[in-house]
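J.: Okay, here's what each chain looks like letter by letter:
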Amino acid sequence: AQSVSQHNHHVILSEAASLELGCNYSYGGTVNLFWYVQYPGQHLQLLLKYFSGDPLVKGIKGFEAEFIKSKFSFNLRKPSVQWSDTAEYFCAVNRIGGFQKLVFGTGTRLLVSP
Amino acid sequence: DVKVTQSSRYLVKRTGEKVFLECVQDMDHENMFWYRQDPGLGLRLIYFSYDVKMKEKGDIPEGYSVSREKKERFSLILESASTNQTSMYLCASSRTGSRQGSNQPQHFGDGTRLSIL
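Going line by line, the protein sequences match chains A and B.
For the first sequence, position 99 matches number 99 in this note's numbering, and the numbering has no gaps at all.
For the second sequence, position 83 matches number 83 in this note's numbering, and the numbering has no gaps at all.
Since the hints were derived computationally from the structure, they do not count as laboratory data.
A virtual CB, placed ideally from N, CA and C, is assigned to each residue, including glycine.
One or more hints might be untrue.
What the hints assert, rightly or not - Pairwise CB distance ranges, derived in the manner of DEER restraints:
no., chain 1, residue 1, chain 2, residue 2, range
1, B, G40, A, K71, 39 to 45 Å
2, A, P40, B, T86, 31 to 37 Å
3, A, I60, B, K70, 40 to 46 Å
4, B, M27, A, V11, 42 to 48 Å
5, B, S115, A, I68, 39 to 45 Å
6, A, P114, B, D28, 39 to 45 Å
7, B, D26, A, S52, 38 to 44 Å
8, A, E20, B, K3, 21 to 27 Å
To be verified - Using 25 Å as the maximum straight-line C-alpha spacing, the simulated SDA-like pairs for lysine to any residue come out as follows:
no., chain 1, residue 1, chain 2, residue 2
9, A, K71, A, P40
10, B, K57, A, T106
11, B, K55, B, L117
12, B, K3, A, P40
13, A, K101, B, K3
14, A, K101, B, K70
15, B, K3, B, S49
16, B, K71, A, L46
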């Protein structure tokens, strides 16, 4: 079955620490990749997306992600986190030709302590 | 800015009741989706629709049905609510873009936290 794995379920960091959240998927074909963020009490928002081209994509609020096709990975990074980055982060994947049927990972809860 | 509005933030219903969750989007998007979000399970797709009166089953359609009579509105129906349907329900919408519609981001509502007693 198609799946998306986020190995870190809970991450706790201090402000200014660097962040990397892992995401791996199990599709063999061409995919579109997304990271969404859900701040406490808010709706899911798109953080960044990859469709094609440069495998290093930049999103909002200083986040970036790198698509490594050989590793089926799309890890999210931020060099220096802030308290306001406390949120739940979801990786999502859909296949080209798979309409818009997104498959989400189980999410990673990030807590940034001031 | 895209606005996806879900009719209720919190809802409490009883086992066996028929429950309606409503979602409206204001951006003329072709596609609409219903997910449920549970701790440790992420988001799971219940149903989606790519056009008026069209619907497709997602990954967990059992116990649910949907209705899309107008482009802007997508309703989720719990035919006979059960306690295992207690969850956060999220509605989303998106435009149909290129690459067979798969490269457009989905825009989410604030969610409805449904409790079935």
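J.: Does each hint fit the structure? Answer for all of them.
T.: Now for the hints, and whether the structure bears them out:
1. Taken as a hint, the range 39 to 45 Å is violated for the pair B/G40 and A/K71, whose Cβ atoms sit roughly 25 Å apart.
2. About 21 Å separates the C-beta atoms of A/P40 and B/T86, a value inconsistent with the hinted range of 31 to 37 Å.
3. A/I60 and B/K70 have their C-beta atoms about 32 Å apart, which leaves the hinted 40 to 46 Å range violated.
4. Between B/M27 and A/V11 the Cβ separation comes to about 33 Å, which falls outside the hinted range of 42 to 48 Å.
5. The hint said 39 to 45 Å for the Cβ distance between B/S115 and A/I68, and at roughly 42 Å that hint holds.
6. Range check, A/P114 to B/D28: Cβ separation about 42 Å, and the 39 to 45 Å hint holds.
7. For B/D26 paired with A/S52, a C-beta distance near 30 Å fails the hint of 38 to 44 Å.
8. The hinted range of 21 to 27 Å is not satisfied by A/E20 and B/K3, whose Cβ atoms lie roughly 33 Å apart.
9. Between the alpha carbons of A/K71 and A/P40 the distance comes to roughly 32 Å, so the proposed pair goes past 25 Å and is violated.
10. The suggested pairing of B/K57 with A/T106 holds, with an alpha-carbon distance near 20 Å, which does not exceed 25 Å.
11. With a CA separation close to 29 Å, the supplied pair B/K55 and B/L117 exceeds the 25 Å bound.
12. Between B/K3 and A/P40 the alpha-carbon distance is near 19 Å, which keeps this suggested pair within the 25 Å criterion.
13. A C-alpha spacing of about 20 Å is found between A/K101 and B/K3, which places the hinted pair at or below 25 Å, so the restraint holds.
14. For the hint linking A/K101 to B/K70, the alpha-carbon distance of about 21 Å falls within 25 Å, and the restraint holds.
15. The hinted pair formed by B/K3 and B/S49 meets the criterion: a straight-line CA distance of about 18 Å does not exceed 25 Å.
16. Between B/K71 and A/L46, the direct Cα distance comes to roughly 23 Å. Compliance with the 25 Å bound is thereby established for this hinted pair.
Violated hints, in rising order: 1, 2, 3, 4, 7, 8, 9, 11; the structure is consistent with all others.
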